[in-house]
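Engineer: Letter by letter, the chains look like this.
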Amino acid sequence: AQTIHQWPVAEIKAVGSPLSLGCTIKGKSSPNLYWYWQATGGTLQQLFYSITVGQVESVVQLNLSASRPKDDQFILSTEKLLLSHSGFYLCAWSLARGDTQYFGPGTRLLVL
Amino acid sequence: GQQVKQSSPSLTVQEGGISILNCDYENDMFDYFAWYKKYPDNSPTLLISVRSNVDKREDGRLTVFLNKSGKHFSLHITASQPEDTAVYLCAAVGYGNEKITFGAGTKLTIKP
Chain U
3 AQTIHQWPVA
13 EIKAVGSPLS
23 LGCTIKGKSS
33 PNLYWYWQAT
43 GGTLQQLFYS
53 ITVGQVESVV
63 QLNLSASRPK
73 DDQFILSTEK
83 LLLSHSGFYL
93 CAWSLARGDT
103 QYFGPGTRLL
113 VL
Chain D
837 GQQVKQSSPS
847 LTVQEGGISI
857 LNCDYENDMF
867 DYFAWYKKYP
877 DNSPTLLISV
887 RSNVDKREDG
897 RLTVFLNKSG
907 KHFSLHITAS
917 QPEDTAVYLC
927 AAVGYGNEKI
937 TFGAGTKLTI
947 KP
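Protein chains in written order, with the numbering used here: chain U, 3 to 114; chain D, 837 to 948.
Please note that the accuracy of each hint is not assured.
Said to hold, decoys possible - In the EDC-like style, the derived pairs of lysine to aspartate or glutamate whose C-alpha atoms are separated by at most 16 Å in a straight line are:
1) D/K892 - D/D867
2) D/K935 - U/E59
3) D/K935 - U/D101
Said to hold, decoys possible - To be clear about the criterion: a stretch of chain U counts as covered by chain D if any three or more of its residues have a C-beta under 8 Å from a C-beta of chain D, and this derived list gives those stretches:
4) 47 to 54
5) 105 to 111
For the record, the hints were derived by calculation from the structure and aren't laboratory data. Positions of the beta carbon are idealized from the N, C-alpha and C atoms, including for glycine.
Just chain U, with the same shape it has in the complex (with noise of 0.2 Å):
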């Protein structure tokens, strides 16, 4: 069975501070992975998709990047957090384009 593991699963950060957020997938060779956010009381948004070890593409554009460094994980970064960054950061994977999305547990980001 897969799982889908996201780390921390809560943070509180300082704006202009750096963010590391991670997520790893066990399970599932070569999924496509996801990186989703939701502001407080917002629409949940795709940031990034990726279907391949070292590829992202950027979905919205939120002053964040992403990488995928190995077949089953996937980073969420910037070094300089912004108040707008608070809210709740979901990874999920697929197993193909266009195919149903399983999410992980998810991080909640409080920038203060």
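Use these hints to put chain D onto chain U, whose structure you have.
Structural biologist: For chain D alone, coordinates are given in the frame of chain U:
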């Protein structure tokens, strides 16, 4: 503009009744439609999905109806139970596309 719209932010249904959740979309290229269930501070869980080549799919108490000409799809939950209380997100994906677009969500409350 919003490509996937859930016009009702909230819905209350009596226990045992039928809950009907609606979603409208704008993009003719969407060909995969899904409903997700989301509890507060949790990640979305896929409930049911359908490809554009079918207009109805049933799974237990859940039925999704797709009306392509009307650019509308809906989720019917029969014999609604208190544990059905949650936020329901509709989602759509374009053919050959990785980008999934979510609606803003409808908060369903089942009253005992």
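Engineer: Now tell me, hint by hint, if it's right for this structure.
Structural biologist: Hints, verified against the model:
1. D/K892 - D/D867: Status holds; Cα separation ~14 Å.
2. D/K935 - U/E59: holds (10 Å)
3. D/K935 - U/D101: holds (10 Å)
4. 47 to 54: Coverage by chain D holds here, the residue count being 4 at a Cβ distance below 8 Å.
5. 105 to 111: holds (count 5)
In this structure, none of the earlier numbered hints is contradicted; all agree with it.
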